[in-house]
Structures are given as structure tokens and as C-alpha cells.
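S.K.: Could you slot chain B onto chain A? The hints should help.
Residue-level listing of the chains:
Number of protein chains: 2
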Amino acid sequence: MATQTIAKLLAQGTTLQEISVKGWVRTFRANRFIALNDGSTINNLQCVVDFENFDEALLKRITTGAAIHVTGELVESQGKGQSVEIQVKALEILGDSDPETYPIQPKKHTFEFLRENAHLRTRTNTFSAVMRMCSSLSFAVHKYFNDNGFYNMHTPIITGSDAEGAGDMFRVTILDPKNPPLTEEGEVNYKEDFFGKEANLTVSGQLEAETYAMSLGKVYTFGPTFRAENSNTSRHLAEFWMIEPEVAFMDLDGNMDLAEDFLKSVLSYVLEHNREDLEFLDKRLQEHDKTLPQAERSPMHLIDKIKFVVDNNFKRVSYTEAIDILRNSKPNKKKKFNYIIEEWGADLQSEHERFLVEKHFKCPVILFDYPANIKAFYMRLNEDGKTVRAMDILFPGIGEMVGGSQREERLEVLKQKMAALNIPEEELWWYLDLRKYGTAVHSGFGLGFERLVMFATGMGNIRDVIPYPRTPQNAEF
Amino acid sequence: MATQTIAKLLAQGTTLQEISVKGWVRTFRANRFIALNDGSTINNLQCVVDFENFDEALLKRITTGAAIHVTGELVESQGKGQSVEIQVKALEILGDSDPETYPIQPKKHTFEFLRENAHLRTRTNTFSAVMRMCSSLSFAVHKYFNDNGFYNMHTPIITGSDAEGAGDMFRVTILDPKNPPLTEEGEVNYKEDFFGKEANLTVSGQLEAETYAMSLGKVYTFGPTFRAENSNTSRHLAEFWMIEPEVAFMDLDGNMDLAEDFLKSVLSYVLEHNREDLEFLDKRLQEHDKTLPQAERSPMHLIDKIKFVVDNNFKRVSYTEAIDILRNSKPNKKKKFNYIIEEWGADLQSEHERFLVEKHFKCPVILFDYPANIKAFYMRLNEDGKTVRAMDILFPGIGEMVGGSQREERLEVLKQKMAALNIPEEELWWYLDLRKYGTAVHSGFGLGFERLVMFATGMGNIRDVIPYPRTPQNAEF
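First to last, the sequence lines map onto chains A and B.
The first sequence lines up with residues 1 to 477 when you count with full-length UniProt numbering.
The second sequence lines up with residues 1 to 477 when you count with full-length UniProt numbering.
Pulled out of the complex, with its shape left as it was, chain A reads as follows (with noise of 0.2 angstroms):
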């Protein structure tokens, strides 16, 4: 008899005859009740045995986290809280869990204690729900691109050439690290190294992506990038995937359209296929805000939330007009924030971007025409000479979720803004070649896939939304 998952017969709801269900024990109470498990829904299955007809040493082996394997017959159930059990006929030990030495017991648990045992922390309700997330929002990222004529592409995770600037980076070497080669002039001799060079960890495939929105017009990286920087935040990473559309064509106004139909159409997707994952979460996050004062609690519930962001139209606006509003904002006279905002040309802070978002405009904001100099070398000049057509999402809770500008396609312009900033030609020939031969309006974002699960699942910390984080001094598992 084929073994069956729980989250189908569920689903299905009807009885049948006789089922094999396999999955790990949650709780077995009143040696009769075992809440049976196997990850592919959050829903128990209740499994009811009838003690007396099992052998006493068994049932003392149904603890929790044990698996097993039930064959028994699937009927309406009599009690509360599920439409289906079944009726154990016979029970077999899988795999023992030693309820002594077991870590995840049946209670609470730390989210600092779970991290610690994060390859078993998916045996728990939060954590369970938040990897299905996870793995929808992912599918729901490829599905959009796909159904939108966008290709995926496989930008290189290590480089060679170390101008993105987006970041300190990490070395990737095979050299002695006691003794390395050197040079005759002292210097350690990379061309002895793999890659006959120095080689590090990408910070983003966004270059790689032009080369590729110049030939085949829309295009999506989707893939890990990495910061070697020390900030040990609950928003930061040292290893995070990162979501990249670029599109031939397409200018700025073009890339906010795209990037808030894609963000509205990524949550609208967990919204229909995870429904039951996003209750759970939702409640606890009810339950956790009970605990904080008023003024830390969500202004809304998650599923609210989800759904306030697909329903409304996101609010653009220039850097220029945001500099406004905070001048004359509140917390600014008062001087309640920590950098006052005093002059166009300031960058924004953290801080800021909360006030726009949670108090002033109370939605997703979109800001844009950037000062040149606090962006990045390859965003589109305007023609004030000042600006750049750069624009930023910013999202209630998270802050920055979304980064993106028209790439500077002008082969003269260009030059001048990386000789400016120190940038040898010699490093992103390639780059510059995309300008040379039939150079186009393009443009494209970058999206920080964790962000985004943090957003749709309501957990605050992103060590919480990635299988096992990488961060500052940990790189356990």
C-alpha cells in the first residue's frame, strides 16, 4: 500500500478505506492521541491508537520526534479541532526519539535556542511554516519571471573583478595560507593561485545581468551573494539570495512599474497557496506582540498586511520632495532623529525611511532621483547633472527591500564617472563594450530574497528566514 502525505489526505477530507501514513511524532498524550507529522502541511494528523490491542513496550516508544509508520483506517473524527483521524490497526517504530535527550521538546523554545539547533528548528510549527514560505515565495519569483518572457540566468558567484563596490568582499584562494607565494617584489603571487588571480565572492550579478538584458532583452538572476561586512544586525547577512531583473528597453519608470507588480504578484501567490502556513504565522505574531509594549507592536496583522500591500498602489517619491517632508517633519524640529536632516544631498537613514513609511505615507513608498553622489558609478545621470535616475522600495517593518536604477548607457559619461571614482577601465572592458556596440535605455533592481520572506512571514530576525544564516563568527552546519 503506497505511503500517502498527510497534507493530501487532509486535503482530500473524505474517508477511505485503509492508508500508510509516515511522519514524526509531535505529541502522543493519554496513551492514545499521537499527532502525527510529516512536514508537508502544517496540520497534524490525528493518529487514535487503541491501547490495548499494542504491546505496552511500543507505546512507550511513540515519544516526540520519533518516526513511525501507521497503517490504519481514515474515519470522520469524533473530536474537536480536525475533520479526519485515523484508526490505528498497526504501528511501527521508524526511528526512536530519547525523550530525555531530545532537544525539541513539546514547548516553547527560544528562537536564540532553536538557531542553535537549526537543523532540527523545521520540526516545529513556526519554523516548518516559515521554510514552506520560503520555498513558495521562491517558486512564485521563477514563475513570475517566467510567465513575464523574462530568462534566468547563472551570473558567477566568484569573480575575478572587484569594482561592483557594492561591499567588502570575501577572497576565494587555494594558496598556502601560512606561507603564500610571493612575488619578487613581496607581494603574494595570485598568479599562482586557482584562477591565476585574485578571485572573490560576488556581491551582485548585476553586471553580468547587463551583459545579458543587452542581448536577449529581459533577464533574472536569482542566486547568493555575499557581504564580508561585521554587522551584526537582525537584518544582515553575510551570505543572502538575491533576486536581479534587468530589462533592455526599460527606464525608470518602466523598472518601478515592474518591480511592484512583481512584488504585489509574489505575495498574492503565498497568499492563495499558503494559506494556512500565513494563519499560523499570523496568530503568533499576535501572540508575540502581546508581549511588547504598545508602541513595538505591528500596526497590523500579517495577513493584513500581505494583503495592504498587493491591494494599494505604492507612493512615489522624488528624493528632492522626501527631503522636504523630513525638514518639516516632527521628529526633525524636535530633534528627535539622531541625524538631523538639514540640506538636499543628505543620505537617508534608517530612521528616515521609517518615518516616510510607518508614519507619513503609511504604505509601500518608492523613492527616486537620487544625489548622484551617495549612489553607485552606473546609474543613469540626469539631466540636472546632479541626480540619478536611481529609485529605492522601502517596505513598513523592513526598510529597504528593493534597490534598482536605469543603467548610465552613454559610453562617454560612463568613463568619466568611473575615472572619477578610481575605476580602471581595464577592470570592466566588458561593461564598457555594452556601451560601445548598440548601447540602449536599460535598467534593474535588486531584491533581497531573506527581506522579503521576513515581510511574508512576519519573523523579525533574518537568521530566522535562511536554513542555516551566515554571520559574523558563526558558519555552523
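Treat the hints as calculated values from the structure; they're not laboratory data.
Glycine included, every Cβ here is placed at the ideal spot set by N, Cα and C.
Everything hinted at is true.
In silico contact screen, one side only, chain A against chain B (beta carbon under 7 angstroms); selected entries:
#1 LYS22
#2 TRP24
#3 GLY95
#4 TYR102
#5 ASN146
#6 PRO156
#7 PRO180
#8 PRO224
M.R.: Structure of chain B alone, referenced to chain A:
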């Protein structure tokens, strides 16, 4: 007027009043016919210019590689080779392309030359077709697993563990390369490195995927993996993408069924969705084959070969049977093999795999139940005490496409195996936990994505099926 993709215009087929298209000039002949491509399809759109109505200076700038914007009327084509064409009313040069220096001329380039110009090679028919196939196969992978109840997970790229044992690893570090900090004993002090210990790039996500299979049931990873091996062959990359499903409660037979069904499904997907690219690649391969001696030509055309795999059962053969076949084979008896098969226990070389697949069975072959001592520590020992529940899928022209196994689920057997191989238990405490708490039969496999793309596109060098290949002495772009 909104710009449309050439793929949509051609698929539509009907004639439209007025349209707007942007793309790159492939050729311009007789001062009249522009072949325009925008990457959305292998097919060019013919744009007919009435040269008497256009400025001569403008016409001179319509060169191969130039980006242009064309508006005009879509009409039925009078010429051969296309059903519709544009009668151009207005033409704008978006970006020039100097025909004297543009590397991608309208002629045949060698693949070696195009690798040096990998940033422009998707402007050729062959590479745009290959990369659209890559994208389709990638989507088909996600779709297959999503449709079949698997959860996608992001296994870590940077790993603190070096016990995976699948090959040489790259070190990831931020230590001063010339004067690394040393311990009192004079060794490199990794405590001062970013992660507080030595860290490497992953060679496989399998071990972490097992942790999630043992809670979520069916999971898969699809991400980059790395080998610091000095292999300069047409089948090896230092950085490549691997697909790794892992399933709880599944044995080796189920694993073989899954791998076969998966391969047939993703190959069916491209037969259905990439017909035009496949037809182009099929013809390319036929023309290429004509330049080769008879013995080196492909025994089947590309599309026929893919259909053959989709429509026929893979042949399942135990290692022991395979050794018998090889021992009694002509090339073995006549000593034509470089490695003569003399007795049970020999590791199979590529020449033996090719003989089995291409000469003996003439179809994909699944070899299973290998000798334990030529396979990895985590594979489940059979009752005979000398073979393990491993399987490799061998494909004609490619060799090993899939490697998988049922995993050793018994704590004591696994510990003994690790001890025998000097793998410290402290390194893999979390992996051992899976056998302590609710262990169960489980299985999975790994499939190198680029090998799959090679098979489906007929490309002979793995460097030509990934945008920017990383190989010894090469990390350009």
C-alpha cells in the same frame, strides 16, 4: 505606442496597423532588409526600409550590432523565410555599432573566440538558443519539484565543515593574505577570520538537505557548488549548479524512479516549450557532425535523442552485472580499454561507462549497488556488508548525469564508517543527530545542471552552457 517583443509579434502572426519594436541589427542587406533580433526568440523580424525615404547618413548607421527602434506596419511578407515583416515608417538609432571593431561579425566564429567575448556571445543564434534552453530547463526543474510537493531550500554556500568529502575545496577568508595572524603555536589563527574558523565553499548541499528532508519530507536545493580541482576538461567547471532532491521514507528504488521521472519531465518540458531553439541546435549539430570523421559523429540527431530518453525506460543494472558484462566484452578481452576490468571491486572509468551506455545497452543506464569502498561514507550499507545502495545514471555522450544513494540511517553503522575514514564526529554532530532522533530510511541524488544543458543542447563543451565559466586560470568577466 507600447513596444512589443518579436516573439509575440511572430507568434501572433496576424498583421497589425502600427507597431513599435526595439532590438539589435543582425544584418542589413541591399540597403533595404534589416534582420532585427531582440533576444525573445531565435527568429529575426524582417524590417523593410524604403531607402529613398530615409537619410543616407542614417542608413549607414544601420550596422550589425546597432540598437534600433523601428515603427511601422506589420504586413504579410512577400519574401521567403518569414510570414510577416515590417514596412518601416520611422527608424531611430539607439546605439551605434562600429562595424570595423564590433567583434560579432555576421559570419561563423569559433567557440574559442566567443568564449573570449562571452559578454557578447548571446548575440549569436547558437548562444542565445543555448541560454534560452538553460532558462527553460531551470524553470522546468523548479516546476517539477513544486508540482510534486517538494520544498525548495537554500543550503549554505560557505561552509565551516570540510567533511563533505566530495573534492578539493576553495577557502573563503578575509585574513591578511600576506601576513595572516598566527596562534602561539605559529599556525594561522582562523579565530580572527570572519567566521571564527576556517571556512570553505560548499561542494554539495546534500547533508544540509537531509536535515530538512527529515522534517519537511521532500525537499530540494538548486544552487552553485564548487570544486578546486585542476581539471581542464570539456566536462568540468570549478563553479557549477547542482540540483539535489532529498526525500524522507524513500528507498533506493524510489530514488531511481524519482530521478528517471524527473529527467524525462524536464526534457519533455523543453521539447514542448523550446521547439524553435531545439530545431536550430539540431541543425547546428548536424552541420558540425559533417566536419567530423564518421566514428565521432552523434549516433542520433538532437531532438530524436531527447525524445528517445523521454520515451524509453532507463536500463537498471547492478554494479555486479555491469562488471560481468564488461569483463566479457570485446574491448576488455582485446585489451582495448586503458583500464582492463579484471575483478569485482574495480572503479569504473569513463571508457567503461561509455561502453555500457553507447555500445552495449544503447540507452540511459542506472548502475546501482556499488562496492562500499569506492563510494561515500553516508551511503547505506547493504546486508551483504560489501555493497552500498548507491546509483549513478549514465547518459550517452555525457557520462555520469546523476549520482545518488539511499543514506545510511543507522547511527552505529554510520559512526563506524566515519571512524574508519577518520571523519571526526564533532564535525558532523548535527548530521548524527538525524540518526538519533526519529531516524528513517531516506534517499536523494545530485544532478549537475550544466551536464543536463549539454545533453539537451548538444553542446560539446561545458564552458559553452554557462554564461561565465570558472576554470583553472580563468575567472574573467
